[in-house]
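*Asks:* Here the sequence shown is numbered in numbering that gives the first Met the number 0, starting from 0 and rising by one per residue.
Don't read these hints as lab results, they were simulated from the structure.
Bear in mind that the values here come from a model prediction, so they are computed numbers and not experimental data.
Watch out, some of these pointers could steer you wrong.
[To be verified] List time: in silico SDA-like cross-link candidates among lysine to any residue, alpha-carbon distance up to 20 Å:
| hint | residue 1 | residue 2 |
| --- | --- | --- |
| 1 | LYS28 | TYR50 |
| 2 | LYS28 | ASN41 |
| 3 | LYS11 | LYS22 |
| 4 | LYS22 | VAL37 |
| 5 | LYS22 | ASN35 |
| 6 | LYS11 | LYS28 |
| 7 | LYS28 | PHE12 |
| 8 | LYS22 | TYR50 |
| 9 | LYS56 | GLN40 |
| 10 | LYS28 | GLU38 |
| 11 | LYS48 | THR68 |
[To be verified] Cβ-Cβ distance ranges computed for the label pairs, FRET-style:
| hint | residue 1 | residue 2 | range |
| --- | --- | --- | --- |
| 12 | GLU63 | MET43 | 36 to 44 Å |
| 13 | VAL73 | TYR50 | 51 to 59 Å |
| 14 | ARG23 | LEU54 | 39 to 47 Å |
| 15 | SER27 | THR66 | 42 to 50 Å |
| 16 | GLN75 | ALA19 | 52 to 60 Å |
| 17 | ASP31 | GLU76 | 49 to 57 Å |
| 18 | ILE26 | VAL61 | 19 to 27 Å |
Even glycine gets a Cβ: it sits at the ideal position worked out from N, Cα and C.
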Amino acid sequence: MYWLRDDDSNTKFFHAVASARRKRNNISKLCDNEGNVVEEQNVMCDITKEYFDNLFKQAINVDEEITSTVKACVTQEDN
Numbered sequence: 000m001y002w003l004r005d006d007d008s009n010t011k012f013f014h015a016v017a018s019a020r021r022k023r024n025n026i027s028k029l030c031d032n033e034g035n036v037v038e039e040q041n042v043m044c045d046i047t048k049e050y051f052d053n054l055f056k057q058a059i060n061v062d063e064e065i066t067s068t069v070k071a072c073v074t075q076e077d078n
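The whole structure should be built from the sequences, with the hints applied where relevant.
*Replies:* This is the structure:
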């Protein structure tokens with residue numbers, strides 16, 4: 000928190016910290032579904048989109064034995 004305490008005198012320090020964080024948080028490679036390493040930005044975007052599309056499309060398994068024990072609080076009239 001040097002830049003908060005010392006105000007503008009640590010601008011160089013702040014930028015060094017921000018640059019280091021940007022490098023550390025950068026994703027430079029991804030593996031596709033076939034295990035190939037991909038470094039092209041547009042292909043990595045496609046891989047990421049496909050991953051999350053598939054993640055949120057997965058079917059949810061509902062255990063009827065458990066859900067049958069839960070008392071309904073909302074009736075059809077409430078809806």
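*Asks:* Which constraints among the numbered hints does this structure fail? Numbers only, ascending.
*Replies:* Hints 5, 6, 7, 8, 9, 11, 13, 14 and 18 contradicted; others consistent.
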